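Please arrange chain B on chain A, whose structure you already have, making use of the hints.
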Amino acid sequence: MRLKKSSTPGAIPWGYRQRLFASIGSLLLMAFVPLVLYGISTDRNLLRDHFDRTGDYLVKNLARNSETGVFSESVSFLQAPLAAITDKQEVLWAAVYGSDAALIRAIGLGAEKMPPLPQDIQQWMHAADSASVRRMTVSAEGAAGFDFFAPIFLVQGSFFEYDFEQDTGSSAERGEVIGFARVGISLAMLNERTNEILRTSLLLAVIYVLVSCFAVLLIQRSISKPIQKLAAGALKIGAGDLTWRINVHTRDEIEDLAESFNHMASQLQQAVDERLLNEQQRESLLSDIENKNKELESLVYVVSHDLRSPLVNIQGFSQILQQQVIDCAAAVDTIRSGMPHDPAISAAPGDDPGSEMQQSIGFILAGAAKIDALLNGLLIVSRTGRAPMNIREVDAGRLLADIIAAQQFQLSEISATVTLGELPCCHGDEHLLNQIFSNLISNVVKYRDPQRPLVIEISGREQGGMIIYLVRDNGQGIAPRHLDRIWNAFYRVDAGLPDSGEGLGLAIVKRIVEKHQGRVRVESTLGRGSVFYVELQKNMFYV
Amino acid sequence: MGDAKELQILVAEDDDGHATLISRAFKDAGFNNRTLRFVNGEQVWRFLSGEVNPAVGEIFDPRKRYLLLMDINMPRMDGIEVLKRIRADAVLKGLLVIMLTTTDDPREVQKCYNLGCNAYMTKPSGFSAFAQAFKHLGSFLQVIEI
Chain A
0 MRLKKSSTPG
10 AIPWGYRQRL
20 FASIGSLLLM
30 AFVPLVLYGI
40 STDRNLLRDH
50 FDRTGDYLVK
60 NLARNSETGV
70 FSESVSFLQA
80 PLAAITDKQE
90 VLWAAVYGSD
100 AALIRAIGLG
110 AEKMPPLPQD
120 IQQWMHAADS
130 ASVRRMTVSA
140 EGAAGFDFFA
150 PIFLVQGSFF
160 EYDFEQDTGS
170 SAERGEVIGF
180 ARVGISLAML
190 NERTNEILRT
200 SLLLAVIYVL
210 VSCFAVLLIQ
220 RSISKPIQKL
230 AAGALKIGAG
240 DLTWRINVHT
250 RDEIEDLAES
260 FNHMASQLQQ
270 AVDERLLNEQ
280 QRESLLSDIE
290 NKNKELESLV
300 YVVSHDLRSP
310 LVNIQGFSQI
320 LQQQVIDCAA
330 AVDTIRSGMP
340 HDPAISAAPG
350 DDPGSEMQQS
360 IGFILAGAAK
370 IDALLNGLLI
380 VSRTGRAPMN
390 IREVDAGRLL
400 ADIIAAQQFQ
410 LSEISATVTL
420 GELPCCHGDE
430 HLLNQIFSNL
440 ISNVVKYRDP
450 QRPLVIEISG
460 REQGGMIIYL
470 VRDNGQGIAP
480 RHLDRIWNAF
490 YRVDAGLPDS
500 GEGLGLAIVK
510 RIVEKHQGRV
520 RVESTLGRGS
530 VFYVELQKNM
540 FYV
Chain B
0 MGDAKELQIL
10 VAEDDDGHAT
20 LISRAFKDAG
30 FNNRTLRFVN
40 GEQVWRFLSG
50 EVNPAVGEIF
60 DPRKRYLLLM
70 DINMPRMDGI
80 EVLKRIRADA
90 VLKGLLVIML
100 TTTDDPREVQ
110 KCYNLGCNAY
120 MTKPSGFSAF
130 AQAFKHLGSF
140 LQVIEI
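Residue numbers (numbering that gives the first Met the number 0), protein chains in the order written: chain A, 0 to 542; chain B, 0 to 145.
Extracted from the complex, chain B is given alone in its bound form:
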């Protein structure tokens, strides 16, 4: 996963438990990339806009490669809105975005694909399934690299 190592993973998730599960599952799947966590849509949008946030401690660098894992239901600004803004932005429109949700409501899935998300993941019940899903995600990302 040489290429993937340089990938910066951004997690936008309001639920601490889910965020922890996601980063553990990443580790379990063999990703050792550092993950940056955002607790709502507004925070992640500010980061992507280049705002300095001491809580995050890093500044968005357009030359780096990022993967955004984003929950749909978040306070202040939801994932759908952030996705819309990313796809409308000249610099950010190529960003890899994977939407996370608790249910596989077909209308919600369709909405996200229409807005241009790269993938859509239902949060699996159970950690092992989660880790398994991220292992698949790793292969998926490698495919994208090539």
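The following block holds chain A by itself, in its conformation from the complex:
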């Protein structure tokens, strides 16, 4: 299982690692690229200056050293100063021109390959003074270069007397211009240097990126490890291991978060422990109650069972006595009839010991029969509580239809109307559920209002995993003072009713419903009717 990534619409769907890489990478680029560019441009400027100065110096030197050669028009005099220059690497060419801008001697690339002279070279030459050097940017052989020009002056007096140190550059002191020197400096090195710098920078950049990637990885690990620990811990706690503690000591918000998680887990554990304790207490209470109930039920069973034994004697011998009293009375009558009338032995009118004995025995027998009926009722109730249940899905519609069909004769005799509404299925022991509704309907029939025809409406609905069945009647209704007690065994609202029974019907209903982990209650208005609510389990359950 992975923690779900939260992504807001429109946001870049990247993980924090990618974001970390992107941000640190762009930061690096932002710092590195201008640095490299600045380095390159500085370097180029420095080199340009360097070439500029070199060219300037070389062309001036050549101009000075060529004066004799140009003046004497002897090429051999030019050989040495030209050669001195062209052994330099960056020098492309060196040339010396006469006063009419005619090439006297060139070495290096040579006359053919040198770029053509600028058109205004003669004007420039004659206007120039000793300090002026002309620089032009040219391209030769496909490479950029500088072309330097410097005028050659005729030195007044001896060349050897000329004090170069005192040269102020004023043409007036110099005399006329007899030609000019030309030197080409290659800028190829400039590009080479730039390329070299770029290569080095690139290499550096690669190393830099590798090192920063490593650093980012380290940072990312240091960030993600506690987060992963946190996530794993949260999963573990979430999976129910409330004793798990997240061990993160980063001294930052992650540690705070981990502490909060740990706190939450310990609070949860406390709550769960408390609940477990409560549940245990509740369970032990429930099992106590259950044990007490079982004890009570077995007590009821044993008592009713054992009480029947003496009752058999009372009933049996009372009947024998009854028979004997009849026999005795008959014998006495026979003796009396055979004797002369004697007031001493003849009973006074109305004073018949036989009939009084009969009456006494009659009361004993009636009392015994009553006890017998009560004990039977007790046994039935106790048995209902202990009967094993076969819980299955029960089609309440069919069940009620069967019950109504079984009681059809009785119902039509009192012209009762029964309406069956929607009756959802529930789970329970079909035999016991049959008893619930049979008892309820018998009860409704028994307490109907004789002033109006009985109407029974039976329906059901689902509510919170339970099916609630309603049995509504328009009978006599139940007075509020009876409401609490109608579910008690042997309680009868009107004991004087000829067929009031033992008062067990509703007690058995309550028992069965409770055995089904359901509830039963009644709402009633005296003179209007009652509604019995029976709540039963919708789904399978185990006892």
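These aren't lab readings, by the way, just hints derived from the structure by calculation. Do not take every clue at face value.
Examples of chain B residues toward chain A, derived with CB under 10 Å [unchecked claim]:
#, residue
1, Asp-15
2, Gly-16
3, His-17
4, Thr-19
5, Arg-23
6, Ala-24
7, Asn-72
8, Thr-100
9, Thr-101
10, Thr-102
11, Asp-104
12, Pro-105
13, Lys-122
14, Ala-128
Examples of chain B residues toward chain A, derived with CB under 10 Å [unchecked claim]:
#, residue
15, Asp-14
16, Leu-20
17, Asp-103
18, Arg-106
19, Phe-129
Here the structure is a predicted model, which is why all the values come from computation and not from measurement. Heads up, the beta-carbon is just placed ideally off N, CA and C, and yes, glycines get one too.
Chain B alone, transformed into the frame defined by chain A:
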């Protein structure tokens, strides 16, 4: 009831009243067979095992025919235990046994039939019902004879 006359009736019942009612009901139903009374399960089991008991005055004879009417709830040894022993014994396993009880608890009834009792009777409330029941028993026994 010619055949039934030779039948020896054994009554195992701890309650004197019930025992008296049973023997009277037998008489009332027309049985004049002598009944032997035992007050607990142990006593009846000793008799069936052939032990001499001066209080009973008779010895169990396997060649004779017996009918045992036995209460379930008895001190020392209950009817269920005696029934188990009878059905496990090679000589006694054919003995006619009718279990008597005060209630018709279905589980108890099932238990007795599983152990192999020949009939099960709930002690009726009232002597007349008792006598009536034994009259039916007489016909039942005749049916068994044939």
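Consistency of the hints with the structure:
no., hint, verdict
1, Asp-15, "holds, 9 Å"
2, Gly-16, "holds, 4 Å"
3, His-17, "holds, 6 Å"
4, Thr-19, "holds, 8 Å"
5, Arg-23, "holds, 7 Å"
6, Ala-24, "holds, 8 Å"
7, Asn-72, "holds, 8 Å"
8, Thr-100, "holds, 9 Å"
9, Thr-101, "holds, 4 Å"
10, Thr-102, "holds, 5 Å"
11, Asp-104, "holds, 7 Å"
12, Pro-105, "holds, 8 Å"
13, Lys-122, "holds, 5 Å"
14, Ala-128, "holds, 9 Å"
15, Asp-14, "holds, 6 Å"
16, Leu-20, "holds, 4 Å"
17, Asp-103, "holds, 9 Å"
18, Arg-106, "holds, 9 Å"
19, Phe-129, "holds, 6 Å"
Hint check: no violations occur; every hint is consistent with the structure.
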